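*Asks:* Each chain, written out:
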Amino acid sequence: MSTPTITTTGLTKRFGDFTAVDALSITVPPGVIFAFLGANGSGKSTTIRMLIGLLRPTAGAITVNGIDVIREPRRVRDRIGYMGQKVSLYQGLTIRENVEFYAGLYGLAPAALTARWSALRERFGLAQVELEKPESLPAGIRQRAGLALATLHQPPVLFLDEPTAGVDVESRGLFWDVIQDEAARGVTVFVTTHFLEEVDYCDWVSFIDAGKLVADATPEDLRHRFSLGYRIEVELPAAAREAGARRLRGLGLAGLASSDAGFTGRTAQLDGPTLAALDALAVDIPEARIHIHQPPMTDVFRRVLGAEPSP
Amino acid sequence: MSEPRIRLRQLRKRFGARVALDGIDLDVDDRRVVGVVGPDGAGKTTLLRALAGLLEIEADQALVLGHDLRGDVTALKAAIGYVPQSFSLHRELSVIENLRFTARLHRLSEASFRRRAEALLGRTLLTPFVDRVAGALSGGMKQKLAVANALLPEPALLVLDEPTAGVDVVARGEILAILRETAARALVVTSTSYLDEAAMVDDLVYLDHGRVVASGTPEALRQHVPREVYRLWGPNARAIARTARGLAGVADARAAGRFARVEVERAAARDVAVRLRALPGAPVTLLEHVAPDMESMLRFYASA
Chain L
1053 MSTPTITTTG LTKRFGDFTA VDALSITVPP GVIFAFLGAN GSGKSTTIRM LIGLLRPTAG
1113 AITVNGIDVI REPRRVRDRI GYMGQKVSLY QGLTIRENVE FYAGLYGLAP AALTARWSAL
1173 RERFGLAQVE LEKPESLPAG IRQRAGLALA TLHQPPVLFL DEPTAGVDVE SRGLFWDVIQ
1233 DEAARGVTVF VTTHFLEEVD YCDWVSFIDA GKLVADATPE DLRHRFSLGY RIEVELPAAA
1293 REAGARRLRG LGLAGLASSD AGFTGRTAQL DGPTLAALDA LAVDIPEARI HIHQPPMTDV
1353 FRRVLGAEPS P
Chain Y
11 MSEPRIRLRQ LRKRFGARVA LDGIDLDVDD RRVVGVVGPD GAGKTTLLRA LAGLLEIEAD
71 QALVLGHDLR GDVTALKAAI GYVPQSFSLH RELSVIENLR FTARLHRLSE ASFRRRAEAL
131 LGRTLLTPFV DRVAGALSGG MKQKLAVANA LLPEPALLVL DEPTAGVDVV ARGEILAILR
191 ETAARALVVT STSYLDEAAM VDDLVYLDHG RVVASGTPEA LRQHVPREVY RLWGPNARAI
251 ARTARGLAGV ADARAAGRFA RVEVERAAAR DVAVRLRALP GAPVTLLEHV APDMESMLRF
311 YASA
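Protein chains in written order, with this note's numbering: chain L, 1053 to 1363; chain Y, 11 to 314.
Hints are not guaranteed to be accurate.
On the chain Y side, residues computed to face chain L include the following (Cβ under 8 Å) [stated by the list, open to error]:
id : residue
1  : 148
2  : 149
3  : 150
4  : 191
5  : 212
6  : 267
7  : 290
8  : 295
9  : 296
10 : 298
11 : 309
12 : 312
Here are the in silico distance ranges between beta carbons for each label pair [said to hold, decoys possible]:
id : chain 1 : residue 1 : chain 2 : residue 2 : range
13 : L       : 1062      : Y       : 115       : 46 to 52 Å
14 : L       : 1159      : Y       : 27        : 36 to 42 Å
15 : Y       : 234       : L       : 1138      : 35 to 41 Å
16 : L       : 1126      : Y       : 233       : 51 to 57 Å
17 : Y       : 115       : L       : 1163      : 57 to 63 Å
18 : L       : 1269      : Y       : 137       : 31 to 37 Å
19 : Y       : 288       : L       : 1320      : 26 to 32 Å
20 : L       : 1167      : Y       : 288       : 34 to 40 Å
21 : L       : 1177      : Y       : 258       : 18 to 24 Å
22 : Y       : 71        : L       : 1159      : 56 to 62 Å
23 : L       : 1138      : Y       : 314       : 44 to 50 Å
If you are wondering where the hints come from, they were derived from the structure by calculation, not from laboratory data.
Every value quoted in this text rests on a predicted model; they were computed, and no experiment measured them.
Every residue gets a Cβ at the ideal spot worked out from N, C-alpha and C, and that includes glycine.
Can you build the whole structure from these sequences, using the hints too?
*Replies:* Put into structure tokens, the structure is as follows:
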């Protein structure tokens, strides 16, 4: 197994007698998109600030990309890209000037910068605005510039604190395309979000509440534990009902029942064989319409937080 | 109390050389929740600020609650609750002091201040935090306080600019429930970038480049989208999405957990669906055809 890119062990931060982060232990393997979630005030931003060496923990250990962050907080910052909730663009400088400023900090040579920036400018749709100052741009465009800047030096680890907050659906799609492409190249992405449907864009999700880890699993596993599972609905024409019913009974769906249009049933985990069987049914009965109702992550997390009872 | 009503004809707003609103036509006649959506820079915030009487505007007609936005808006402002995008209450004052401050501005009697504050604090679950300074509240609590504060004078029009941005799912649910209740007695106009919120409003106004591109119920706008949406279930959804993105006729493709969600132009849908079944190197176990959703609606108008 490869060495994890990020590990924390017993990570704790107290402010006076308030414990913001309480013995947090997480492990993030390389190339993984790691969603770090929690309610407002749960300790997310405090954790990120410790992970990137901006805040010294009260106790515990942190390793990021092989660096002991507590011992060498400065060294870690060269190896990561960071985008905060308030994008750190200098007002008064144009977007282009901000890029040049950051390139200087990262030690990017002018030729490398030119090539890299022209690719990023294209990808993030910033060509029209690169000569404008951030304060005159809408928040969503500033966020795009912020993400472009965080990836300017092609860091192996990205920390993104609510990159998609206040960003329109088009840009959010773009951000997740970028994040998934970066992960495919082996970049490890540590990301927070309040758009819970975005959890499904990630490989792993950790959820903290009052500084403590309350869930730590794949999105699919959380869905399995905190929902009634997938509801499968198959619409069938009258002539094909009997044949369809026989096939569906073979799938072992829970609570299989006939409906006005056909049949509905539930399955806790939608595995490959079930999907393949549904596909075979659709191929053999071309009039069949298959609808898979996936429990929304919003409901899953209401249950994780105890705002709604678990099944 | 004036009737909730908005009537705008060719409302325009310039900031220097930049045209923020470029001829907005809008009619809202009933108490309801109106959602303002659109891409970044579309003019959402400017429109909301104009409705709240905070901007000098030009227009052929600009009536809000019977007041002309082009004239003296002092009386209008008294009838409006406004929640701006960034927290703008007094951070150094406590929760109750912020509310009291607003009550004074609106010249509420002590008795009605107490009655309304108690109800709003209870409704927003902020009662245990009345003495905490606003700056020390969590993001979700700050927004709930901002909403409570805007509702304190019982406005006929409540205007909110992304009130739930960056707010956790539980606090977000609470704020939405409050907006729904408020719509029983006032007009609520709110911008949002959450898909589920855009789906739950009574009417949507889609803005782009400072104009109303589309308006109607979420359902009507959704049905208007000339796209088909497929979910491609398979062992490697990210590979499916990457490969699908390269096909002609595919408007958008993204892996979301077990499946790749692919939007296809309706005119090409039949052909593209066949090709989606046989993506090289990215096997598809099941191709599920789903109805266009809010995401496809917002994306469609952004590209239209």
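*Asks:* Now tell me, hint by hint, if it's right for this structure.
*Replies:* How the hints compare with the structure:
Nearest Cβ of chain L to the Cβ of residue 148 of chain Y: about 3 Å, under the 8 Å cut. The hint holds. The beta carbon of residue 149 of chain Y is positioned within 8 Å of a beta carbon in chain L (closest approach about 4 Å), and the interface hint is therefore held. Satisfaction of the interface hint for residue 150 of chain Y is found here, the shortest Cβ-Cβ separation to chain L being roughly 4 Å, below the 8 Å cut-off. With its C-beta approaching chain L no nearer than about 18 Å, residue 191 of chain Y sits outside the 8 Å limit, and its interface hint is violated.
With 8 Å as the threshold, the beta carbon of residue 212 of chain Y stays out of range of chain L, its nearest partner Cβ sitting at about 20 Å, so the hint is violated. A hinted interface residue such as residue 267 of chain Y counts as satisfied when its beta carbon comes closer than 8 Å to some beta carbon of chain L; here the least separation is about 4 Å, so the hint holds. Taken as an interface hint, residue 290 of chain Y does not check out: its beta carbon lies about 17 Å from the nearest beta carbon of chain L, beyond 8 Å. Annotation: residue 295 of chain Y was flagged as interfacial toward chain L, and the flag holds, the nearest CB pair being 4 Å apart, inside 8 Å.
Interface hint at residue 296 of chain Y: satisfied, since its Cβ lies 4 Å from the closest Cβ of chain L, which is below the 8 Å cut-off. Because the beta carbon of residue 298 of chain Y sits about 6 Å from the nearest beta carbon in chain L, less than 8 Å, this interface hint is met. Checking residue 309 of chain Y against chain L by beta carbon gives a least distance of about 6 Å; that is within 8 Å, so the hint holds. With its C-beta approaching chain L no nearer than about 5 Å, residue 312 of chain Y sits inside the 8 Å limit, and its interface hint holds.
Checked against the hint of 46 to 52 Å, the C-beta distance between residue 1062 of chain L and residue 115 of chain Y comes to roughly 49 Å, which is consistent with it. Checking the proposed 36 to 42 Å range against residue 1159 of chain L and residue 27 of chain Y shows it holds: the Cβ atoms sit about 38 Å from each other. A hinted range of 35 to 41 Å holds for the C-beta pair residue 234 of chain Y and residue 1138 of chain L, which are about 37 Å apart. Under the hint 51 to 57 Å, the C-beta atoms of residue 1126 of chain L and residue 233 of chain Y, about 56 Å apart, fit the expected range.
Checking the proposed 57 to 63 Å range against residue 115 of chain Y and residue 1163 of chain L shows it holds: the Cβ atoms sit about 59 Å from each other. Under the hint 31 to 37 Å, the C-beta atoms of residue 1269 of chain L and residue 137 of chain Y, about 35 Å apart, fit the expected range. For residue 288 of chain Y and residue 1320 of chain L, the Cβ-Cβ distance of about 31 Å falls inside the hinted range of 26 to 32 Å, so the restraint holds. Range check, residue 1167 of chain L to residue 288 of chain Y: Cβ separation about 36 Å, and the 34 to 40 Å hint holds.
Range check, residue 1177 of chain L to residue 258 of chain Y: about 21 Å between beta-carbon atoms, so the 18 to 24 Å window is met. Against the hinted window of 56 to 62 Å, the Cβ-Cβ separation of residue 71 of chain Y and residue 1159 of chain L comes to about 58 Å, which satisfies the hint. A beta carbon spacing of about 32 Å between residue 1138 of chain L and residue 314 of chain Y contradicts the range 44 to 50 Å that was offered as a hint.
Of the hints listed earlier, those the structure fails to meet are numbers 4, 5, 7, 23, in rising order.
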